[in-house]
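Protein chains: 2
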Amino acid sequence: MYSPPSLERLINEFARLPSIGRKSARRLAYHILNQKAESAQNLAHALVDAKDKIRPCSRCRHYSESELCIICSNPRREQNKICVVEKSADIEAFEANGIYRGLYHVLGGTLSPLDGIGPQELHLPLLLERIRGGVNEIIFALGSSPEADSTVLLIDRMLGDTPLKKTRLARGIPMGSDLEFIDELTMLRAFEAREQI
Amino acid sequence: MYSPPSLERLINEFARLPSIGRKSARRLAYHILNQKAESAQNLAHALVDAKDKIRPCSRCRHYSESELCIICSNPRREQNKICVVEKSADIEAFEANGIYRGLYHVLGGTLSPLDGIGPQELHLPLLLERIRGGVNEIIFALGSSPEADSTVLLIDRMLGDTPLKKTRLARGIPMGSDLEFIDELTMLRAFEAREQI
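First to last, the sequence lines map onto chains A and B. Using the numbering used here, you'd call the opening residue of the first sequence number 99 and step up by one each time. Using the numbering used here, you'd call the opening residue of the second sequence number 99 and step up by one each time.
It is worth saying that the hints were derived from the structure and are not from the lab. Be aware that one or more of the hints could be misleading.
Pairs count within a copy or across copies, as identical chains cannot be separated in the list.
[To be verified] Capping the alpha-carbon separation at 25 angstroms, the derived lysine-lysine pairs in PhoX-like fashion look like this:
(1) K151 x K185
(2) K179 x K263
(3) K151 x K264
(4) K121 x K185
(5) K151 x K121
(6) K134 x K149
(7) K185 x K264
(8) K185 x K134
(9) K179 x K264
(10) K263 x K151
Computed from a predicted structure; not experimentally measured.
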């Protein structure tokens, strides 16, 4: 022990964050100590504030500070298109290139019986309700994994013979990759070549 | 704009930290939102708490929560040896291998006239006072740069003909590197081969 306890605690907390090792955590902590108290307070405040204010949008489950998220409450978005994503972070990959102007639906995962994620764990009733409320295209953007495929299949079956354009992203997406990290161009091509189910 | 303002603020605050880009900052923010409120609060508390409690040790200027730091107040450390480092983070490199059992002195920088760091900006009077108070070895661990060399030279001149063993780390340390990131073995060898000035 050669550092004060509050410094060790700060290092431990930083090291809990994903992809931040012990050495990086220490470097971050030293950085904080070398800055004005204001920077630490700003980060601390942003942490508590975001966690406090953000809740799921009541319509699409995207992160929101109000009843409806920024996208759902934007009247200029195409109200009759829903893009189904696994998590809020995946929306970033679409919005970065601006190719899509419809709405989203955040499922909260994909079917994965081994991890205990069944249909009940996903926000499916909400999605079906929205689709029945008048939507003419549903786009599945769930990455390319067996779990994603069976999720699409399940929703497709639940929808039955609805007169609805159902597409999914073109198979240009590399297998096993995380949608959140797809580059804009690949996402653009995959979106444009989306295929009829 | 597709994320709520408090989320964007959190991403901005994370992106201010060193070596955390926009994409990593976003990922960290999403991680926080996916965790229990407690994790965000713990990190927030650790930030404010560390910044609040930690001040320089009145003797060696290392990070401390009390008047004297953990190292200065440890009676089992050799009280007649002082290892002079640039910043608190450098102490880590010594303490990780446990080869050194003496005290430290954190200078707060090295002489760098171009950056406006002259002798007044370093904690020199405090160091001279400590040395005169009865020390028989002073070890300079300031990395290998022209600024470090001139800092050692200056302190050596200020000390004059004091009957004192003055050493510096062996020149095994690669040029231009940051002491904070030296691996333990290199640090060990450099410490053992420290040379008389």
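Practice prompt. List in ascending order the numbers of the hints, as given earlier, that are violated by the structure.
Written response: 3 and 10
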